[in-house]
Amino acid sequence: MNHNHNSSKKNLMTGSKIILESLIKEGVDTIFGYPGGAVLNIYDELLNYNAQIKHILVRHEQGAAHAADGYARASGKVGVVLVTSGPGATNTITGIATANMDSVPMVILTGQVPTNLIGNDAFQEADTVGITRPCTKHNYLVKDIKDLARTIKEAFYIASTGRPGPVLIDIPKDITSSVYEFDYPENIELRGYNPTYFGHHIQISKLAAEILKAKKPLLYAGGGVISSNAAGELLELAELLDLPVTSTLMGLGCFPAEHPLFFGMLGMHGTYAANMAISNADFIVAIGARFDDRVTGKVEEFGKNAKFAHIDIDPSSIGKNVKIEIPVVGDVKSVLSSLLEVLNGRNEEISSAKYERLGWLEEINGWKYEHPLLYHMKDIIKPQYVIEKIYELTGGEAVIATEVGQSQMWTAQFYKFKNPRTLLTSGGLGTMGFGFPAAIGAQIAQPDKTVFDIAGDGSIQMNIQELATAVQYNLPVKIAIINNNFLGMIRQWQELFYHKRYSFSEMNVNPDFVKLAEAYGAVGLRAKDPDDVVPVIEKALSIKKPVIMDFVVDREEGVYPMVAPGAPITGMLLV
Amino acid sequence: MEKTHILSILVENESGVLTRVAGLFSARGFNIDSICVAKTLEKSESKMIIATSGDTQILEQITKQLNRLVNVIKVQELTDEDSVLRQTVLIKVNADETTKSDIFRIKEIFGGRIIDVSRNYYTLEVTGSERKIDSLIDILRPLGIKDIVKTGIVALQRVKRTN
Ligand SMILES: Cc1ncc(C[n+]2csc(CCOP(=O)(O)OP(=O)(O)O)c2C)c(N)n1
Ligand SMILES: [Mg+2]
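Here the protein sequences line up with chains A and B, keeping their order. When the letters of the first sequence are read in order and numbered with the numbering used here, they come out as residues 1 to 575. When the letters of the second sequence are read in order and numbered with the numbering used here, they come out as residues 1 to 163.
The hints are simulated quantities; they were obtained by calculation from the structure and are not laboratory data. Careful, some of the hints might be misleading.
Unchecked claim - Derived lysine to aspartate or glutamate pairs resembling EDC-like cross-links, with alpha carbons at most 16 Å apart:
(1) A:17 x A:44
(2) A:143 x B:14
(3) B:132 x B:80
(4) A:320 x B:80
All values derive from a computational prediction rather than experimental measurement.
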């Protein structure tokens, strides 16, 4: 380094200080992390920033990644992670891949061995950019302190614009101690990165015409509605034209579940009404959704009587699995607003379209009453009942994180999500262990909200160590364990497709979750009878501490409807 | 449908770009038949020409995902009809009294050059379309090919004729 040259400049700082100043420029006030050798310089500097940046010390780096993810999903801000090289970085991989699949904006700062040791199999060295290349939106290795501030600026921009996603910055230790002028760039120049925000007006007019013309239209909404903050526009569009709405798992909350135009989730565990509507519609508008195989079932039969339009910010999502007649590349919010403008004032067309579709809405409502979501409870607690009561007792206003498995699907079916960013779930990667740290992140983003993790007994054990984090920071997260002593979703598949050969899906040994909570300094409650459920939830809600509720439920309850993998979504197994 | 495709990819000249691009192919088990990368007139950019064969629909998906990469500036598919495609081959052939004159004749026909001569071998350099190179190899094979190396395909779009 040419120190003589540098010292003539103003505003000299170490790399560590440049990193923290840059984070402040990006409006970051919270980071989730875990220290180690390669990031010691940054951690040392961090003590000086106590007033501006809150650092949450997790108990496992996977927890840091999921917590930052939950923070981002709940708030819409970029989640930030700071971990060390080697094992610190590799421990975050599941969390990064989870965020990548669900398009969550995150910036992950990983320490790296000093530049002169890279490639030497140095202590705690891992090729972090190599490992994370396929599971990040973009990543960087900073090899020169001159590039540090610009890289951070770009990372935040890339993470939060277009189709959002995680961006990783790998920072060698020597960069964090060397000194350079801090000059945070104002502008960004990325020739290869220009997300399209505004839909093409010709496509939007075509879409408007087709929506008016269709006899059996349907809106199929996904997580893109939530990430572009377009729930308001979606509601306006649906109400303007009486359009029925179904949503993916990731889309839940983008449309009020109790609204008469909403027919629930579609797909493998979707409602009868939603799956029948897809199969009978003549025009389907996919909005920020990506035709996942868990949604489409046998893809050749998906919407087989319909023409498709697809609104998405990511051109590579469009036409990937299903042929699209009207593709509209653009930000969902902006496209829907333009569409509403195009429809504005065409009152006659609108009322005649609405009139002609009365029969279609009746037809879907018929399916809804024919096969509603059902369960039958006698003297053993049914999981669905627990979710229903959590919904009622929180007035649908809680933020609900989930783990993965049956408990996740029951949550999607029985908690009637009203508002966007209230369901935090790993839809794409299906990561067990996601929910609890995500709930911690959400609670930090929204201290005044009630935050739940609805968990299975298997999943909760994948990141249970974060209970110490929740206790340390006094985060009153409520963990509801739907305890069936099974990897229940696995058991259900084995029941249905493997002649009840329950190969390694029984949790023969589980901890006593009540004692476990107490051991961590949290509160443990248990419900064994249906009568216990409401009092336990009420008690938990009254305690301003982390609480584990252990709901001992019917061990072999199944999630229904269910479509066998690869079957058409009309082929539903019902209760 | 399986078919040979030529992609011309303009990228920012940064480390790791080649891996990012290649990764999109390998993640789908797509083979890259050949690849050529070099700087353009702009120091900050490179052009890659990738030849690959495979399902057209999957390739379309790969193309969209290439466009999604932050360092990729532009992706174009080039075809035989709208572009000039060229490949260069260096071939070391057995050159004894009986074959020398044949080699000269073949070199003339293919518009190539002899760039290295030793007692027993001649090395030929020939540039042309992939088909031309293939037939050159077929013709030389009976004479005894000692070694061979080919560049990847390079391709440039023809100037569009306006009339
Ligand atoms: C990390 C991870 N490993 C394995 C799986 C496969 N898997 C999906 S659901 C499931 C069972 C989950 O059991 P539990 O958390 O008890 O929930 P339940 O289905 O019983 O409600 C498993 C093992 C997964 N999704 N994630
Ligand atoms: Mg379970």
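The hints, checked one at a time:
no., hint, verdict
1, A:17 x A:44, "holds, 10 Å"
2, A:143 x B:14, "holds, 12 Å"
3, B:132 x B:80, "holds, 13 Å"
4, A:320 x B:80, "violated, 27 Å"
Comparing the model with each earlier hint shows a violation of hint 4 alone; every other hint is respected.
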